[in-house]
Amino acid sequence: MRTARPASDRARALSESDTRCLIHPHTTIGAPTAPLIFERGEGALLWDVDGNEYLDGTGGLWQCPVGHGRRELAEVAAEQIARLEFYSSFGDYSNEPSIRLAERLLRLAPAGMERVFYTNGGSEGTETAIKLARLAQHHAGTPERNIILARTGGYHGMGGGSLAATGIDRLREGYGPLLPGIEFLAKPHGLAHGERAADVLIAELEERVERIGPERIAAFIGEPVLGVGGMVPPPEGYWPRVRELLRKHDILLIADEIVTAFGRTGDWFASQRYGIEPDLIVTAKGISSGYIPMGAVLVGRRVLDLADGALFLHGFTYNGHPVGAAVALANLDILEREGLLERAKTVGRRILDALKPLEALDHVLEVRGVGMMLGVELTPGHDSSGVQAGARADGVIVRATGTGIVLSPPLVITDEQVDTLIHVVTARIKAVGS
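When you line the sequence shown up against the working numbering, it's residues 1 to 434, in that order.
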């Protein structure tokens, strides 16, 4: 364990104010804990207010592919703020950065995407996609098509509709009735279903569609690779068969690429990697590397045809924010210029190969990953929170998810920093079984 600098008077004062004034996401109300207060970042490194250094093994909440402290993004934001900080994009108002970003996104997107609807983040994107799918079916004369198929273990956000589609029970508990009309399928985890996992999952999907009635189903929503659910890649051949079955029954396909888009898996969109061919794509996070809250829903031809002529009474105050769009454009430039998609593949493979031997431990169930999305799952009964706490004491930030540890570092992480990440995670996971 490294020796951290003692808390300064400033750090103690900020901590006291934080616990007195704030409610943090995913914390217990009335039982605040002393926060780790970050002050600055550079690349894959962060520093707290006392100058202690940390390696960011999660990219925040998986949203910072180009790394922290990119001065060029700050300069783009400042320049746009000086020119036009914001104006509504409701109705027929617009701004040039949002137009240029939409053009760019559609050039990068999988074939068939033709329009862009902006949001402020992932939860809003899921809300938008579900509403668009239902509206399209309603406008096409089939209002009974309103069921949304989702999957156990899927995470789609914390709004009313997005939480309803999230298949993680502990996140839904206590919030009363959620958006109706959501049907959950099994978690698409190969380890849970054996060598013929794709066959098992497709058989379940076929049975569920038949039981509900395809004429009642609006859309199927899924992450190409489960993120919060444990960084779980799909079973071999799963997605093309899902796509084929849905098309057979005219059911729309929503790809939740909030985590996976913009290089995280080594492709612009994981849909391209897995041959998903979605009708709607939800994005956020990596679109601006988190520098400005920004998201976008990409809309395909089938949805546009079904909804042609429909009035879409939906939107958020900051849709198409010009500063967010300008930063997103510059962020995409960095991803391209620095070859970060290819780096996600090579570095991700190196980390995966280095962590794979942990599977030999009795308390490690599986090590898995795609690009720079990696997960280590412990056997039932083992809590990964100790790994998270121990790694933090060693100066490395990782994320615990029940029995799992997930990693999603910035794509700019250096080779030396990768060595540190591997060493600390390996040591702390081994310590769980000692």
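These aren't lab readings, by the way, just hints derived from the structure by calculation. Among these hints, one or two may not hold up.
[Claimed, not checked] Subject to a maximum C-alpha distance of 20 Å in a straight line, what follows is the list of computed SDA-like cross-link-like pairs (lysine to any residue):
#1 Lys248 to Thr142
#2 Lys356 to Glu366
#3 Lys345 to Gly402
#4 Lys430 to Thr414
#5 Lys187 to Ile202
#6 Lys248 to Leu185
#7 Lys131 to Gly181
#8 Lys345 to Leu108
#9 Lys345 to Glu236
#10 Lys248 to Glu215
#11 Lys345 to Ile334
#12 Lys430 to Glu359
#13 Lys248 to Ala203
#14 Lys131 to Pro214
#15 Lys187 to Thr152
#16 Lys356 to Gln417
#17 Lys430 to Ala400
#18 Lys187 to Gly176
#19 Lys356 to Pro380
#20 Lys187 to Asp199
#21 Lys131 to Pro177
#22 Lys430 to Ala354
#23 Lys187 to Asp419
#24 Lys356 to Lys248
#25 Lys345 to Asp419
[As the list claims (entries may be wrong)] Okay, the calculated beta carbon distance ranges per label pair:
#26 Pro357 to Arg10: 39 to 45 Å
#27 Pro143 to Glu359: 36 to 42 Å
#28 Lys131 to Pro35: 34 to 40 Å
#29 Gly91 to Gly160: 23 to 29 Å
#30 Ser94 to Thr28: 40 to 46 Å
#31 Glu39 to Gly91: 23 to 29 Å
#32 Arg83 to Pro357: 51 to 57 Å
#33 Gly174 to Ala34: 21 to 27 Å
#34 Ser8 to Gly194: 52 to 58 Å
#35 Leu22 to Gly160: 22 to 28 Å
#36 Glu173 to Arg20: 23 to 29 Å
#37 Arg247 to Glu173: 32 to 38 Å
#38 Tyr93 to Lys248: 39 to 45 Å
We put the beta carbon where it would ideally sit given N, CA and C, even for glycine.
The hints, checked one at a time:
Among the hinted pairs, Lys248 with Thr142 is consistent with the structure: their alpha-carbon atoms are about 17 Å apart, no more than 20 Å. A C-alpha spacing of about 8 Å is found between Lys356 and Glu366, which places the hinted pair at or below 20 Å, so the restraint holds. Distance check on the hinted pair: Lys345 and Gly402 sit about 27 Å apart at the alpha-carbon level, beyond 20 Å; violated. Distance check on the hinted pair: Lys430 and Thr414 sit about 24 Å apart at the alpha-carbon level, beyond 20 Å; violated.
Among the hinted pairs, Lys187 with Ile202 is consistent with the structure: their alpha-carbon atoms are about 12 Å apart, no more than 20 Å. Proximity of Lys248 to Leu185 is assessed by CA-CA distance (about 19 Å); at most 20 Å being required, the pair is judged to hold. Proximity of Lys131 to Gly181 is assessed by CA-CA distance (about 12 Å); at most 20 Å being required, the pair is judged to hold. Among the hinted pairs, Lys345 with Leu108 is consistent with the structure: their alpha-carbon atoms are about 18 Å apart, no more than 20 Å.
For the suggested pair Lys345 and Glu236, the alpha carbons sit about 18 Å apart, so the restraint of at most 20 Å is met. The hinted pair formed by Lys248 and Glu215 meets the criterion: a straight-line CA distance of about 12 Å does not exceed 20 Å. In summary, the hint linking Lys345 to Ile334 is supported, as the alpha carbons are separated by about 17 Å, within the 20 Å threshold. A distance of roughly 11 Å separates the Cα atoms of Lys430 and Glu359; the hinted pair therefore holds under the 20 Å criterion.
With a C-alpha separation of about 15 Å, the suggested pairing of Lys248 with Ala203 holds against the 20 Å cut-off. Taken as a hint, the Lys131 and Pro214 pair is honoured in the structure, with Cα atoms around 18 Å apart against an allowance of 20 Å. The hinted pair formed by Lys187 and Thr152 meets the criterion: a straight-line CA distance of about 5 Å does not exceed 20 Å. Distance check on the hinted pair: Lys356 and Gln417 sit about 18 Å apart at the alpha-carbon level, within 20 Å; holds.
At most 20 Å may separate the alpha-carbon atoms for a hinted pair to count; Lys430 and Ala400 meet this at roughly 15 Å. For a cut-off of 20 Å, the pair hint linking Lys187 to Gly176 is broken: about 23 Å separates their Cα positions. The hinted pair formed by Lys356 and Pro380 meets the criterion: a straight-line CA distance of about 19 Å does not exceed 20 Å. Annotation: proposed proximity of Lys187 to Asp199 holds, straight-line Cα distance about 13 Å (limit 20 Å).
The straight-line distance between the Cα atoms of Lys131 and Pro177 is roughly 18 Å, inside the 20 Å bound, and the hint therefore holds. For the suggested pair Lys430 and Ala354, the alpha carbons sit about 14 Å apart, so the restraint of at most 20 Å is met. Between Lys187 and Asp419 the alpha-carbon distance is near 32 Å, which puts this suggested pair outside the 20 Å criterion. With a C-alpha separation of about 39 Å, the suggested pairing of Lys356 with Lys248 is violated against the 20 Å cut-off.
Between Lys345 and Asp419 the alpha-carbon distance is near 16 Å, which keeps this suggested pair within the 20 Å criterion. Taking 39 to 45 Å as the suggested C-beta distance range, the pair Pro357 and Arg10 conforms, at roughly 43 Å. Taken as a hint, the range 36 to 42 Å is violated for the pair Pro143 and Glu359, whose Cβ atoms sit roughly 49 Å apart. A beta carbon spacing of about 36 Å between Lys131 and Pro35 agrees with the range 34 to 40 Å that was offered as a hint.
Look at Gly91 against Gly160: about 25 Å separates their beta carbons, and that is inside 23 to 29 Å. Restraint check, Ser94 to Thr28: a C-beta distance of roughly 44 Å satisfies the suggested window 40 to 46 Å. In this structure the supplied range 23 to 29 Å is violated for Glu39 paired with Gly91, their Cβ-Cβ distance being about 41 Å. As the Cβ distance of Arg83 to Pro357 is approximately 53 Å, the hint placing it in 51 to 57 Å holds.
As the Cβ distance of Gly174 to Ala34 is approximately 26 Å, the hint placing it in 21 to 27 Å holds. Look at Ser8 against Gly194: about 54 Å separates their beta carbons, and that is inside 52 to 58 Å. At about 23 Å, the CB distance of Leu22 to Gly160 agrees with the hint of 22 to 28 Å. A hinted range of 23 to 29 Å holds for the C-beta pair Glu173 and Arg20, which are about 27 Å apart.
For Arg247 and Glu173, the Cβ-Cβ distance of about 35 Å falls inside the hinted range of 32 to 38 Å, so the restraint holds. For the pair Tyr93 and Lys248, the beta carbons lie near 41 Å from each other, so the given range of 39 to 45 Å is met.
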